[in-house]
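> Guided by the hints, dock chain B onto chain A, whose structure is given.
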Amino acid sequence: MDNKLIAQQRADQIRAFNNEVKMLEDEKVLTLEPPQREAVAQYHQSLLKTLSNQFDIDTSDREKQLSSGMKIASFLGALAMAASVFFLFYQFWGYLTTPAQVSVLVLAPLLTLGLTYFIAQYETTGYFAKLLAMVSFVCFILNLSMLGQIFNITPSDKALLVWAAYGFLLAYAFDVRLLLAMGIMCLAAFIAARVGSWSGMYWLYMGERPENFLLPALVIFSLPTWINQKPYSGFAPVYRVAGCLLFLIPVLVLSSWGGASYLDFPDAVIEGFYQLTGFVVSGALVATGIKKHWSDVVNTGNVFFVLFLYTKLFDWWWEIMPRYLFFLVIALCSLLLLFVYKRIRHHSQLTGEHHV
Amino acid sequence: MSRLTIISAVLLLLVNVMVLAGVAYNRSDDKVTQLLLTERELSVVNDFSSADENSGMSLSINWSSLSRNKENKLITQRWGEPDWLSEDKLKQLGVDVDSIKVPGDDDRYRDVQSIEVVFVLEFDGDAYKTALTIAEKELAEATQKQQADADNKGLVRSLKNLKSKLERLQLSDTRLFIIDAGLDKQALIEKYSDKKQYLFISGELKPYWVDSKLTASVKDLFISRVHVPLPFSDIITRATQGEAFSNYGDEFIAPRYAVLLNLGKRLEPWIESVSDL
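Which chain is which? The protein sequence lines are A and B, in order.
Numbering-wise (our numbering), the first sequence opens with residue 6 and increments by one.
Numbering-wise (our numbering), the second sequence opens with residue 118 and increments by one.
The shape of chain A in the complex, shown without the other chains (with noise of 0.2 Å):
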């Protein structure tokens, strides 16, 4: 088993296998003799005890339960605390001297580091562990601006590049997927600065050019392929949806703001073609989803359709149609989809696709 996603899936199945059996017994359709149950029954139990003490998953529905608030606790704890040790050190970093103030910057993510791997030597479930390691992550971008506020230096991107790495350690060491998110933010924000550089302009404006983080968007979309993320639970799925937001949103701000583009041509010339753009690269996103079972680029590519569908329809009849029969429209383009999505669930269903 490579991951905790994947042996999560085998305890469901199990689940469902038994809860499957129980009904085709209770309806007289199948009837297992009490050996073959006692030997399905005891491999399961053994299963289920090896996943569980390797990657501590939830085996009944109440684990479930449990498993999702104490998820979203730590995601909430996570960021909290990080805003704490932030604001903790703003109030009283004016109170010490240059070397307190260092010292305190360079040892806080040094230490985090440290108890985040002690307590996951320790704790089975990995939840406190990785509310540290987010906390340590905030101390070094702390650590860094920091110094920078206090020695005077001139802002760099490079920050950015060292950001990205420590979110990436840390949610491979430590098995974290929002840092993961953070790491890959980190290092689109650092290669759209490098390219926003290249044609002259100073880095922190990058958003000023949104195609900047179109290379990013590609690099980071094919990422999983190159580099194998399976040992990982749902690396792949971060980098995939990382890599359609990062190339989408900008298409989207193109398509309707053309003077930002470095492209020589009229702004509607621009905008026209971003707005094509954005419906072949969604469209195409969703059936390439289907067709290698990402449900992720599927969902994220039916987003992005959807709201270019509605923007060039706003565009177009916003002004010019009373507001009933646009929002009509609205609903009736709704229904077109619902049809086409119909179709393909209906064809994919022939052809025997039915785990996306």
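A portion of the hints provided could be inaccurate.
EDC-like, lysine to aspartate or glutamate: derived pairs with alpha carbons at most 20 Å apart [claimed, not checked]: (1) B/323 / A/213; (2) B/382 / B/147; (3) B/254 / B/266; (4) B/336 / A/213; (5) B/218 / A/272; (6) B/282 / B/243; (7) B/336 / A/162; (8) B/270 / B/258; (9) A/163 / B/321; (10) A/163 / B/233; (11) B/312 / B/243; (12) B/218 / A/269.
Calculated Cβ distances over 10 Å to all of chain B for the following chain A residues [unchecked claim]: (13) 71; (14) 76; (15) 162; (16) 280; (17) 314.
Derived from the structure by calculation, the hints contain no laboratory data.
A virtual CB, placed ideally from N, CA and C, is assigned to each residue, including glycine.
Using the frame of chain A, we list chain B on its own:
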């Protein structure tokens, strides 16, 4: 300990060592410049949104420049188009002037890519003296006009404003003026060699094409604030008694402290000392 945790710790240490080595390099050997400025040029940053939370102190670098108004008269204005930023100067700074000037549908306003340069800030030099001369001349002209038409309330008000403007310029306005920019830091340091009169700060220059005319302005200084460490922050707090510096309208005040500011090899400033005035 896992391999990734060890690499993480090494990364943290390495990055901090590099940052601190950079600071040490900036502050090593000869300073590029050392200026004795006052609260006029370096006033305490009042970040009202976080006044209760932030215990740190930093000083804002206040600067100005000489630019021309619509009547082509020289005026003192921070965010105007500096008089020295001619078309030839923009060409020297690498702005592709010829391609910007190609006629098109967007002649009214055309967005042009900003450029990264090193700005030269002159302290208490010719630019400041010119600003004083302009203010004195404006006041003399207004006085003459008012004497010729003593009952004109508009002229009386204008005269009062100009008097106030001159006094403010003499007493509390900044004497730091951006007078030049370049791409080669070393060439600028050699050209403006008086170590007690010039500051060099990297920043961004924004060219514009407005109404078929090429112009440019200072968009930003990359280091616009200087951090005040202990014990200097205590001296400034004592000197100001927590009262914000003012150089607006008629409520301008005299500076209350002086700051000896160093500029290092990487053009990063730091405070050498602070004294009461």
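> Hints first: check each against the structure and report whether it holds.
Okay, the hints, checked on the actual structure:
About 14 Å separates the Cα atoms of residue 323 of chain B and residue 213 of chain A, which keeps this hinted pair within 20 Å; it holds. At roughly 8 Å between alpha-carbon atoms, residue 382 of chain B and residue 147 of chain B fall within 20 Å of each other, so this suggested pair holds. Distance restraint check for residue 254 of chain B and residue 266 of chain B: the Cα-Cα separation of roughly 19 Å lies within the 20 Å cut-off, and the hinted pair is therefore satisfied. The hinted pair formed by residue 336 of chain B and residue 213 of chain A meets the criterion: a straight-line CA distance of about 14 Å does not exceed 20 Å.
Using a Cα cut-off of 20 Å, the hinted pair residue 218 of chain B and residue 272 of chain A holds, with the two alpha carbons roughly 19 Å apart. The suggested pairing of residue 282 of chain B with residue 243 of chain B holds, with an alpha-carbon distance near 19 Å, which does not exceed 20 Å. For the suggested pair residue 336 of chain B and residue 162 of chain A, the alpha carbons sit about 19 Å apart, so the restraint of at most 20 Å is met. Pair hint residue 270 of chain B plus residue 258 of chain B holds up; C-alpha atoms about 16 Å apart against a cutoff of 20 Å.
Our distance criterion of 20 Å between C-alpha atoms is met by residue 163 of chain A and residue 321 of chain B, whose separation comes to about 19 Å. Taking the CA atoms of residue 163 of chain A and residue 233 of chain B, the gap is about 17 Å. The hint holds against a cut of 20 Å. Restraint check for residue 312 of chain B and residue 243 of chain B: the C-alpha separation of about 16 Å stays at or below 20 Å, so the hint holds. For the hint linking residue 218 of chain B to residue 269 of chain A, the alpha-carbon distance of about 15 Å falls within 20 Å, and the restraint holds.
Consistency note on residue 71 of chain A: stated as away from chain B, and its beta-carbon is indeed over 10 Å from all of that chain's, at 28 Å minimum. Non-interface status of residue 76 of chain A relative to chain B is upheld: no Cβ of that chain comes within 10 Å, the nearest being about 22 Å off. No Cβ of chain B comes within 10 Å of the Cβ of residue 162 of chain A; the nearest lies about 12 Å off, and the non-interface call holds. At roughly 21 Å from the closest C-beta of chain B, the C-beta of residue 280 of chain A stays outside 10 Å, upholding its exclusion from the interface.
Non-interface call for residue 314 of chain A relative to chain B: holds, since the shortest CB-CB distance, roughly 30 Å, exceeds 10 Å.
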